[in-house]
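**Q** Each chain is listed here by its residues.
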Amino acid sequence: MIQLIGLLLLPAIGILALILRAATNARISEEKIVASVAIATAFLFFFGVIIGFNGISFPIIPSINFSFTLGLTGISIPFLLLAVIMPALGLWSAYKEINKNKTLFYILYMFSYLSMIAVFISTNLILFFIFWETILISFFFIIMFWGEKEIRRKASMKFLIFTQFGSLTLLGAFILLFVYTGSFNINVIATSIQTIPSYVAYVIFFFVLITAFIKMPIFPFHSWLPDAHVGAPTAGSVLLAGVLLKLGGYALLLFGIMLFPTIAGSLQIPLIAIAVFTAIYSTLAASAQKDFKRLVAYSSIFYMSLAFLVIMSLNYIGQNGAIVLIVSHGFIVGMLFVLAGLLKEKTGTRDLDKLGGLMLKMPLYAFFVIFGVLATLGVPGLSNFPGELLVFIGAYAAYPLALLSLFAVLIATNYYLSAVKRILFVSVPKRLAKIKDISPWDAMQLAMFSIFIVIIGILPSVIVNSFNFVV
Amino acid sequence: MLASLVIIPLIGERVIKSYLIAIAATIISLVTSIIFSVAYFGTSIVESFPWIGSAFSLSLIGSNLTLTSAVLVSFVSLMVLLFSVFYMKKEPQERYYTEMSLFIASMLGLVLSGSLLLFYIFWELVGVSSYLLIGFWYKKERAVAAGKKALVMTRIGDVAFLAALAVIFINLNTFSISTILQSLTNLSQPLLLLISSLIIIAALSKSAQFPFYTWLPDAMEGPTPVSALLHSATMVAAGAYLLILLSPLITAAGLDIIITIVGLLTAFLAALLALNNTHFKRILAYSTIESLAFMFMAIGTVNTAGAMFYLITHALFKSLLFFVSGVLAVTLGIQDIYALRSKRLLSSWLSIPAAIGFASLAGLPPFMSFFAHASLTIGFNLYESILFVIIAFLTALFSFRAFFLIFNKRSNQKIEMRFSAAIPIYILASLSAAGGAIVIVFNRVLLNFAYSIDIFTLATIMSTIIGIVIAYELFYLNRIDKLYSIRHITDKLISRISYDSLITDVGNLVVHMGNVVAKFDALMSRFYEGSAYTALFMSSKSRKLENGDTHSYIIAILIGAIAILAVATVFI
Amino acid sequence: MINAEYVLFAGVLGLIAIDLLRRRLSVSKDIIHWITLSILIAAFASEILFGNLNVNFFASIQYTQFINGFILFLSLIIYGFLFADSKEFDTLIDALFIFAVLGATLVVLASNFISLIISIEMISIASYGLVFFQKSNSRMEGAMKYVVVSFLSVIIMIFGVSLIFGGAGTLSFSSISNVNYLPFISGLALVIVGLAFKSTIVPFHMWAPDVYEASNSTITAFLSSVSKAAGLVAMMRVFFFALPVSSQFIEVIFVILAVATIFFASFLATVQDRIKRLLAYSSIAQAGFAFIGIALLNYIAVSAAVFYIFTFAVADALVFLAYKIFEDNKIIYKNDATRMFSTSKIATAGLFLGILSLAGVPPTIGFFGKLAIFVSLLSKGYIYLVLALFVIILFSTFYYLGLLREMEFSSKKVATKRNFKLKIKEALIIILIITLFTGAAFAVF
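Those sequence lines, one after another, are chains A, B and C. Each residue of the first sequence is one higher than the last, beginning at 99 in the numbering used here. Each residue of the second sequence is one higher than the last, beginning at 258 in the numbering used here. Each residue of the third sequence is one higher than the last, beginning at 1082 in the numbering used here.
Simulated from the structure, these hints should not be mistaken for laboratory data. In this text, a Cβ means the ideal position worked out from N, Cα and C, and glycines have one as well. The reader is advised that the hints may include incorrect statements.
[Stated by the list, open to error] Derived, one-sided and incomplete: chain A residues facing chain C with beta-carbon distance under 7 Å: (1) V147; (2) I148; (3) I149; (4) G153; (5) F156; (6) I235; (7) L266.
[Said to hold, decoys possible] Using 25 Å as the maximum straight-line C-alpha spacing, the simulated PhoX-like pairs for lysine-lysine come out as follows: (8) A/K198 / A/K130; (9) A/K452 / B/K346; (10) A/K459 / A/K444; (11) C/K1504 / A/K247; (12) A/K532 / A/K452; (13) B/K346 / A/K388.
[Claimed, not checked] If you want the footprint, here are the derived chain A segments under chain C, 3+ residues with CB under 8 Å: (14) 251 to 263; (15) 272 to 281.
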C-alpha cells in the first residue's frame, strides 16, 4: 500500500528544492526539478493504483473538526490521473514559454500541482477547500504575470471573480453541511445526511450547483473561460482545461449527486435542458470564433456541458460516461491547447483567417492537429468516443429529448473541420513561407497526449473500472 | 480469428514502397476471407471481446452474408490498390496508403461486425477515412471543401445512428444484432418507429440518398482510386449494408414503403442529374446514387438478398468505370465528356471494358448486372415496376450518352497501356461480363435469393434498348445541337432539383447563428464587465461623501446617532 | 499577582521618571526605547503567565486573556517597528504608546461603564499624540480631525451612559436588571454610537481613512489593529455579556450597521489610488465582518467574532507594517507596486499574504475567521445575508488582488539600503507571517 501523503510530499519537496535552488544559486535548472518531481509522482501514482492507496488522518483544529484527512473517494482515481499527468505534460510548454521569473512561476506551478492532487484525495472539507482555493490563487497569478500581454489583466480578474464566487458558494454548502451534521468529514456527512432538513438540503444542492455551473462552466456563467484560456500561457491553459474545469464536475458528483440524489432527481429536467442549451449555444458561439484558442475554449464548454448533462442523467451508464468523457476531454483539450500554443509560437498568430496550407510546411504538426480534432469529434479508437457513446446512452435513458444535444455534435464537426481546413489546407500565405515544422521535442509532448488518448479510446474499461460511483 | 482480417490491412507502411505492403496485406485479407467463407460456409461463428463491461462487448460474426461481403471488400480493395500503383505514382505514398489501409480495414470490420456497437465504430471510421482521402489533395480548395462536406453530411447519419444505439441499448440492453432482431417483439411500436427512422436516416446519409446525396458528386474531387473504392464496396455501400442487416427491424416498424419511395425518388433524380452533367466522374457519382437507390428499393420490398447481389455486381462494374475514368484523367488530363469527344477514343483499348461497364450500368443482358436487375425487381408491385422501367430508360440514356460521347469515332489516338492499370480493368470487366453465372449458386450463399425473368424484365430491356438507341442518335451522331431548346428546358428543370445551394445556405445559416450567438456572448461578457464597472462607478461617486471635511464627518455621526435612536424607539 | 496591566502601569510611570532623569543627564535616548521594549515584553510574559487583573471595575471573562494576549503581542511587534525607526522621534512617544496599550487592555477588561469610558479615553488621548508623531502639517491635520470628531463621540457616549444610569440605576455591567426601558434603550443607542466610532463602523468611520493616512504607517498599524480590536471587544462585552435587553433590537441594528460597513467600505476601497487609503478602507470593512459576529449575540457567533478580531488584527498589522517598508521607499500609489518586489521580497510576501488573509483565502487565518463568521450566520439561518456577503467578498478580492497586479518580479536589485533597520523589520514581518498561518490553532467554537 502506498501512503497517499506521498503524492503530496513529492511536490512539497519540489517546492522546497526550488526555494533552495534560488537561495543557493545552484546550477540545476528549475525545469529539471519540476520534471523529476512530476515523474516521481506519476510513478508513485501508477504504482499506487496497482497496489492500492492508504489514507491518513490526524486532527489539526479539533474544535472545528478540521483534520488532515486523506483518503480516496469513490471517484478519485480518474481525476487523480488528470491531476498527476497534466502538469507533467504542460511542463514542455512552460519550458519554452516562461522566461522571466522562472523560479516564482515554477513554485506556483508546483503549488497548483500539489493542490490539484490534494483536492482529489482530501476527505475533510476544510482541507478540500484549502487546496481548492490554492489552485485558484496560483492560477490567478499564473495568468496575471505570465499570460498574454494584451488581455492578461482582464482575463485574470475575470477568472478570479467568477471562480471565486463558485468557491464561496461551495464554502457555503460546506458550512451548511457542517452546521447540520456537525462534521466536515465527507464520510461522516454521508452517513448523517438524513439529519438535514429538506429546505436546507435544497440550499446546499443549489450552492453546489452554482459552483458546478461556474467551474465547468455552464451557461450563463461561462464567459470567464474563453478569456481565461486566451489570456493564460499554454501551460496554464493545459492545466486549466485539463484539471480545473474538472473540479466542478468532481464537486457536483461528490457533494451534489452523491449526497442528494433525490433533489438532483427533482431538478433533473430543467438542468438537463440548461445543459442541452449550453451545448448548442457553445458550439454555435465556437463556429464564429476566429482565434483558434478561443474556439477550442468554446468547444471545451461544449464537452463540459455534455458531462454536466450526463451527470444529471443520474444513471449508472451516464455517470460512467461522464467520468470517461471528463478524463478523455482533459487529455484531448490539453493537446489542442498545446497545438494552439505551437501555432502561435511558429506562425505568430492564431487567427484562422491569416493561416493556411500548413500541412505542406509542417506535416508533423498537421498530423497532430488532425489527430486532435478527430479525437475531439469522437472518432472511434480515440478517447472521446466511449465517453460520448455512454453520454448519449445515459442521457437518453434519463430524458429522451436530451438527445437534442446531438445537434451540437454536428455543429462541432462543422467548425472543427473548418478550422482544420483554414489552418492546414489550401495555400500557404506568403508571410508563412519560411516557417519550420515543430521539433521532435514538441512532437514528443503531443505524442504523450496521444498515447493517453489512444489508450483510453481503446480500453475505456481502464477508466471505468477505476472508480466506484454509488448514487 | 476474424479479427485478424480487420487488423491485417492496418499493418504499417513507413517504407518507401508502401504500396507493396498495403497490397500484400490486402491479398492476405482476400485469401483469408475466401478461406473463412469456404470453411464456415453455412455456419455462423461469433467472436466477442468485452469492452466497457460485458454489456458493451464488441463482437465479430462470420456468416455467409458477412464473409461474402468481406471477400467482396477485400477483392475490390485489392483491385483499387493495384490501380493506385498506376494512378498515384507521383503522390505522397505513405499518407495515401496509410489512409487507404485504414479505409479498407474499417470497411472489413464493418461488414464483419456482429454487434451494432462495433458496426458503428467502423461506420465512423469509414466516414473519417473517406474524409481524409477525399481531401487528399489538400492544396485544392474544392477537394478540401468536398471532404468536409462529406464528413459533415454523413455525420448527420452518424448522429442518428448514435441516437438509435442509445434507444436500442436502453430498451434491449444489448448491441448484438442477432439478439436485437430476435427481441423486436419486446419493443413498442413507437420505439420501433423511432429506431428504424433513425437507422434509415443513418443509411440514407451514408449511402448518399435523397435528401443527402449532394456530398457524393462533390467527393469526386478526391483521387480516382479513392472514388472507386468509396463508390463500390465501401462507404456508400455501408448504408445499404446496414439496412440489409437490419431489414427485419424496418419491416417490423412498417417503414419499408418509405425506403422504396425514397429509393425511387433518388433514382429518378440521380438519373436526371446524370443526364445533365458533363463531368465524367460526376456522371459516375450520380449513377452510384442511382444504383444505391435500386438497392434501397429492393430493401424496401424486403428483398435483401437481391439488394446484396446487386451490391456485389455494382461494386465490380462501378470500380471498373472509375478505373476507366482514372486512366483517361491520367493520360489525357480531361474529365469532361464533351472535351473527350474530340479525342476520338473509340479505337483505344479502353473502349471494350468501358462498354461492358456502361452496359452493366444499364443492366443489359447477358452481363452480370442483368441478373442483378432481375433479382432486384422481384418484389416490386405494378407501380414500382412501371416506374422502374422508366428509370431504366433514363439510365440507359445517360450511361450511353456518356459512352457515346467519350468513345466517339475511331482515330489513331493511343492510350498507353500500363500493366497496373490494365490488369484490374480487365479482371473487373471480365467478371462483370461473365459474373452472371454466379446467380445459379448464389441462393446457396444467401437464403431467399431468387430472380425471375418476366414481362417486366422484358419491358425493362426494351426501354433500355430504346434509351441506347436514342443516346446513339443524339450523341454519337451528334444531333443534340438540333434539340437545343429541349436541352435548355431540361437544364432549367434539373437545376431546380439540384439543391446544392440549399445545403450551403444551411451551412451559412449555422455560421450566421454562430455569429449572432457569439455577439450575444460577447455582449454578455461585456455585461459582466459592465456590472463591474458600474459598481466601480458607484464607488467613485460614493467617494465624494468622504471629502476630508470634518463638518461632514460630524454631521454623518449625528445622522447615524439619530437613526439608531429612531430604530431604538421602535423597539421600546 | 503581577498582571500585565500592573506591569504596564508601573512601567509607564517609571519610564516617564527615567526619561526626565535622562534629559537632565543628557544620556542617549536609546535607553528609553530599550526600557519600553522590555516593559512590553514583560507585560506580554506576565499576561501569559498570570492572566488579567480581576478587580472591582475590571473583570476577566472567558476570552480576555486571549484578547489581551494578542493585543500585547501585536503591540510588541508594532513597537519593534517603532524601535527600528527610533532615531526619528522623541522619547515621549514611548510613554504614549504604553499608555495606549494599557488603555486597550483595560477596555477589554472593563466591567463598568465608567471604567469603559476611562479606558477608551486612555487610548484616544494617547492616540492623538501618536498620530501627531512627527511635526508636520499633514499629521497635524489628521490629529486635529481625530481629536474633534473623537470628542463628539465621547460626548455622545457619556450622554448615553448617563441615560443608562437613569434607566437602570447602576453602571456595572453585571448588576443591570429591572430597567426603565425608555431612557435605557435610548442610552444604549448612544453608547452604540460611541463604541461604533471607536471600531470604525459606518457611518461613524469617516475619520478613520484620514487619520490612518495622516499617521505614520506603524501607528496606523496600531490604530487599525489593536485600538480597533479593543473597541470591538468592548462592544461585545457590553452587549453580549452585560445587558439583559431584547437582543432582537441589537441584532437588527448591528446587522444593518455591519452590512453597511462592509459594503460601503469595500466599494470605497476599490476606487482608491493610494495603497494606504485602500488598506484603510479594507480595515474598516474587516471591522464590519467582526461586527456581524457580535450582532448575532449568541455563543457561537461571539466566539467567532473574537477569533475574527484576532485574525484581522494580525493581518491588518501585517499589511500596514509591510506597507511601512514600502512607504519609506516612496511606494505610495498602486502604480508604484511595480517596485515592490525589488524593494523587499519579504515585505512583498508579507503584504501579499496579509492581503490574502484579509480576502479570506485559505489556509491563512483570515479564511478560518470568515469560516467561523459564516458558520454562525448560517446556523442562525441568514442564508441571504451570506449570499450578499459572498458578493462583497468577491468585490474585496477584486480590489485586494488588483493591488498586486501592477507588481513586477524583476530580479534586478534596486538600490535599497539593506541596513540593520530593514532586517529587524523583515524579521518582525516574518513573525507575523508565521502567526498568519499558525494562528488558526486558536480557533474555538
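**Q** Determine for every hint whether it applies to the structure shown.
**A** To see whether the hints hold, each was checked on the structure:
1. V147: violated, 28 Å
2. I148: Nearest chain C Cβ about 32 Å off; hint violated.
3. I149: Cβ of A/I149 sits 31 Å from chain C, so the hint is violated.
4. G153: violated, 20 Å
5. F156: Interface hint status for A/F156: violated (14 Å vs cutoff 7 Å).
6. I235: holds, 6 Å
7. L266: holds, 4 Å
8. A/K198 / A/K130: holds, 17 Å
9. A/K452 / B/K346: This hinted pair is violated, its Cα atoms lying about 33 Å apart.
10. A/K459 / A/K444: Holds: A/K459 and A/K444 sit about 11 Å apart, inside 25 Å.
11. C/K1504 / A/K247: Status violated; Cα separation ~35 Å.
12. A/K532 / A/K452: Given that 25 Å is the threshold and the Cα spacing comes to 15 Å, the pair holds.
13. B/K346 / A/K388: violated, 38 Å
14. 251 to 263: The restraint on the stretch 251 to 263 of chain A holds, since 7 of its residues have a Cβ under 8 Å from chain C and three suffice.
15. 272 to 281: As far as the stretch 272 to 281 of chain A goes, the hint holds, because 4 residues have Cβ atoms under 8 Å from chain C.
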